[in-house]
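S.K.: Listed below, chain by chain, are the residues.
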Amino acid sequence: EVHLLESGGGKVQPGGSLRLSCAASGLLFSSYAMTWVRQAPGKGLEWVSTVSDSGASTYYADSVKGRFTISRDNSKSTLYLQMNSLRAEDTAVYYCAKDRITISSLDYWGQGTLVTVSS
Amino acid sequence: QSALTQPASMSGSPGQSITISCTGTSSDVGGYKYVSWYQQHPGKAPQLLIYEVTNRPSGVSNRFSGSKSGNTASLTISGLQAEDEADYYCSSYARGDTLVFGGGTKLTVL
Numbered sequence: 001e002v003h004l005l006e007s008g009g010g011k012v013q014p015g016g017s018l019r020l021s022c023a024a025s026g027l028l029f030s031s032y033a034m035t036w037v038r039q040a041p042g043k044g045l046e047w048v049s050t051v052s053d054s055g056a057s058t059y060y061a062d063s064v065k066g067r068f069t070i071s072r073d074n075s076k077s078t079l080y081l082q083m084n085s086l087r088a089e090d091t092a093v094y095y096c097a098k099d100r101i102t103i104s105s106l107d108y109w110g111q112g113t114l115v116t117v118s119s
Numbered sequence: 001q002s003a004l005t006q007p008a009s010m011s012g013s014p015g016q017s018i019t020i021s022c023t024g025t026s027s028d029v030g031g032y033k034y035v036s037w038y039q040q041h042p043g044k045a046p047q048l049l050i051y052e053v054t055n056r057p058s059g060v061s062n063r064f065s066g067s068k069s070g071n072t073a074s075l076t077i078s079g080l081q082a083e084d085e086a087d088y089y090c091s092s093y094a095r096g097d098t099l100v101f102g103g104g105t106k107l108t109v110l
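Just so you know, the protein sequences line up as chains A and B, in that order.
Under this note's numbering, the letters of the first sequence match residues 1 to 119, in that order.
Under this note's numbering, the letters of the second sequence match residues 1 to 110, in that order.
By construction, these hints were calculated from the structure, which means they are not laboratory data.
Note that this is a predicted model, so its numbers are computed, not measured.
Treat the hints with care, as some may be off.
To be verified - The calculated label-pair distances, taken between Cβ atoms and stated as ranges, are: (1) Ser11(B) - Ser75(A): 44 to 52 Å; (2) Gly31(B) - Ser17(A): 32 to 40 Å; (3) Ser119(A) - Gly103(B): 25 to 33 Å.
Don't be surprised by glycine CBs; every beta carbon is placed ideally from N, CA and C.
Using the sequences plus the hints, can you model the full thing?
M.R.: As structure tokens, then:
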């Protein structure tokens with residue numbers, strides 16, 4: 001059974017940084033692209049970023065480009081999201097998810113981790 | 001990267017069928033086969049219902065079906081049940097290697 005477990009969320013001041021992690025199990029992690037999706041309180045889903053299976057290719061939403069960096073360590077079956085220059089509008093639950101095919105559909109999701117950007 | 005357009009809310013009675021629309025452009029929904037639908041219950045992570053316009057993952061009820069015509073995709077839920085009350089989101093691959101979601105539809109089962 002595929003299991004994705006996010007960690008690293010918390011409260012941070014505007015302009016601060018945070019790194020999220022997503023530990024994967026039950027799948028051949030290195031064979032699949034992985035994605036971060038966020039959901040602001042009471043709002044809809046927003047795609048944030050995707051990384052290819054090898055980590056060689058990365059893709060970002062315009063809203064986070066230049067501030068967030070997605071990466072992965074296939075030896076540890078772990079996905080990361082480094083978030084810098086955080087803004088109040090980045091406040092959301094951040095989900096990691098497994099891609100069926102790169103940037104297509106997301107067939108497994110973690111339970112999410114809450115990031116709050118506030119002074 | 002504009003969001004796809006979904007009705008904000010819909011409702012139906014048990015046993016009825018409802019169809020949720022998802023409208024985009026030729027740069028996303030209309031141009032590719034990678035349209036998906038997700039169900040999200042309050043406080044839970046989304047769950048994939050439909051991928052590549054019409055396909056259901058293993059374990060998803062056949063009461064859920066998907067289709068597409070031009071720039072509009074649709075999710076039909078037949079034989080509505082109380083447990084179907086949830087938020088539903090569409091998504092599509094979009095030109096430029098991005099993924100775009102719809103704004104979500106809150107389904108109420110009366």
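S.K.: If a hint holds in the structure, say so; if it does not, say that too.
M.R.: Hint check results:
no., hint, result
1, Ser11(B) - Ser75(A): 44 to 52 Å, "holds (49 Å)"
2, Gly31(B) - Ser17(A): 32 to 40 Å, "holds (37 Å)"
3, Ser119(A) - Gly103(B): 25 to 33 Å, "holds (29 Å)"
When each numbered hint is compared with the structure, no violation occurs for any of them.
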